[in-house]
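Asker: Each chain, letter by letter, is given below.
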Amino acid sequence: MSFEPKIIGFLCNWCSYSGADLAGVSRIKSAPNVRVIRTMCSGRVDPTFILKAFQLGADGVVVMGCHPGDCHYQEGNYKTMRRIPFLKRIIKDFGIEQERLRLEWVSASEGDIYAKVVNEFTEEIRKLGPIKHPSCKVKLEKVLGG
Amino acid sequence: MQKPKLALYWAASCGGCEIAVLDIQEKILDVANTFDIVFWPVAMDFKYDDVRKMDDKSIDICLFNGAIRNSENEEIAHLLRQKSKTLIAFGSCAYEGGIPGLANLSSKEEMLNFVYKESPSTISVDNGFPKTHYNVQEGEIEIPELYDYVKPLKDVVAVDYYIPGCPPQPEQIWKVIEYILSGQPLPPTGSILGAGDKTCCDECPRERKEKKIKKFYRPFEIIPNPDECLLDQGIICMGPATRSGCGALCVKANVPCRGCYGAPPNCLDQGSKMISALSSVIDAHSPEEIGQVLDTIADPIGTFYRFSLAYSILKRRDIQ
Ligand code: SF4
Ligand code: SF4
Ligand code: SF4
Ligand code: FES
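Chains A and S supply the protein sequences, listed in that same order.
Positions in the first sequence are counted from 1; adding 939 to them yields my numbering.
Positions in the second sequence are counted from 1; adding 10 to them yields my numbering.
Looking at chain A on its own, in the form it has when it is part of the complex (with noise of 0.2 angstroms):
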């Protein structure tokens, strides 16, 4: 059977939620590998969240979020902009491939951008195999359904 990359995709209310959307009224095509989880911000995001979603089985992770400077909350996606590559630092000393996690600001405008960061990711993940890690043995399927 053929891998078909899992991956979450955590994006932001304001900006990259509506870009989604707009990818898809325009009829856009993007890959339908993302599972999309809504969060007011991508400040929200947890690293735990993220830890989590490997643990379950995704095989890569996206958070997008406002550009700089256009965050809802102001400072949200600054936050952003520091826990991603820190926990991208943290992956890999845990044997997890850096580039399973992924950070892009996506406007609500954006929807190319959007259909094109997720073409692009879900390529990429598709050389990159199935996650390996011995923590990371749950499949999501299982708990997601489907």
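Incorrect hints may have been included.
[As the list claims (entries may be wrong)] Only some residues are given here: those of chain S computed to face chain A with a beta carbon under 7 angstroms:
no.	residue
1	Ile285
2	Val291
3	His295
4	Leu324
5	Arg327
The set of hints was computed from the structure by calculation and includes no laboratory data.
Because the structure is a prediction, the values reported are computed rather than measured.
Even glycine gets a Cβ: it sits at the ideal position worked out from N, Cα and C.
Place chain S with the ligands on chain A using the hints.
Answerer: This is chain S with the ligands only, laid out in the frame that chain A set:
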């Protein structure tokens, strides 16, 4: 009336937890008067066979310190579980893997090779390497098998309560013993005893200001102001990601908290809590600047998961 039976055991342990029990000082006499100590390898001459002969659930309280590192640790954990009514993971190692858990960043082979062959202080005359079986004139010797990974006690047997700390503070140990002796109803299984439900920062007397950190210092690189928050001064202090209970002991001695009381309540992963806390105080607003500040943190994984690696979400390095 028959005295309640108490057992104490050390698995992969440094012995500090045993000292902590003795550190309750003269109250140890009360313990000896109140309990019938039926097993305590570090202090009294009991054999495993003595425990095997006991009735199931005949030990009232077992304080188990040390992590699960080898087959002997696990075997005795099962034995003591079977024989004890209340099994308490005592200290960071039993609760969350503790310092031995840091071994989960290396493979067993890497570790054995370093210790028995490569370390600069090792002179290996006969290429000696530990084996589980060895024949001598008198017969075969068997030693426990070293596991690939360190586990907290709860990963091998059901644990009733946890007492955090490396080691747990004597006043806290005494409080737990007093509580149990008082005959009051015990807290729900799985509870953390002998600790608070806030963070170490909440017990810390240092003055906190708004934090803006451009560079982190290791403790030897800076002489900290004794009254100000250490983290404000750029010293990594695990206070915000650590459960209260010790009374901010280290911080009061001008040493940053290293996180030995484990993650605070409702936190699944101490390290990620610390990443979150530090990300809020780093004063940098571009990826390059942020990278430079992060570069000043020495050994992030070993610092943020110093005691809780084996208990964390990912538990170990993937060694391929
Ligand atoms: S918790 Fe600390 S004091 Fe207790 S055995 Fe482990 S390393 Fe030693
Ligand atoms: S970070 Fe450390 S020094 Fe600062 S308040 Fe918390 S415990 Fe105290
Ligand atoms: S200050 Fe931190 S490291 Fe020191 S005893 Fe308390 S919890 Fe443990
Ligand atoms: S609201 Fe979009 S990143 Fe904060």
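Asker: Using 7 angstroms as the Cβ threshold, decide whether Val291 (chain S) counts as touching chain A.
Answerer: Violated, about 9 angstroms.
Asker: Is the hint on Arg327 (chain S) kept, meaning its closest Cβ partner in chain A is under 7 angstroms away?
Answerer: holds (4 angstroms)
Asker: Given His295 (chain S) as an interface hint, is the shortest Cβ-Cβ distance to chain A below 7 angstroms?
Answerer: holds (6 angstroms)
Asker: Tell me if Ile285 (chain S) is really an interface residue toward chain A, meaning its C-beta lies closer than 7 angstroms to one of theirs.
Answerer: Because about 5 angstroms separates Ile285 (chain S) from the closest Cβ in chain A, which is inside the 7 angstroms limit, the hint holds.
Asker: Interface hint check: Leu324 (chain S), Cβ to nearest Cβ on chain A, cutoff 7 angstroms. Holds or violated?
Answerer: holds (5 angstroms)
Hint check: a violation occurs at hint 2 only; the rest are consistent with the structure.
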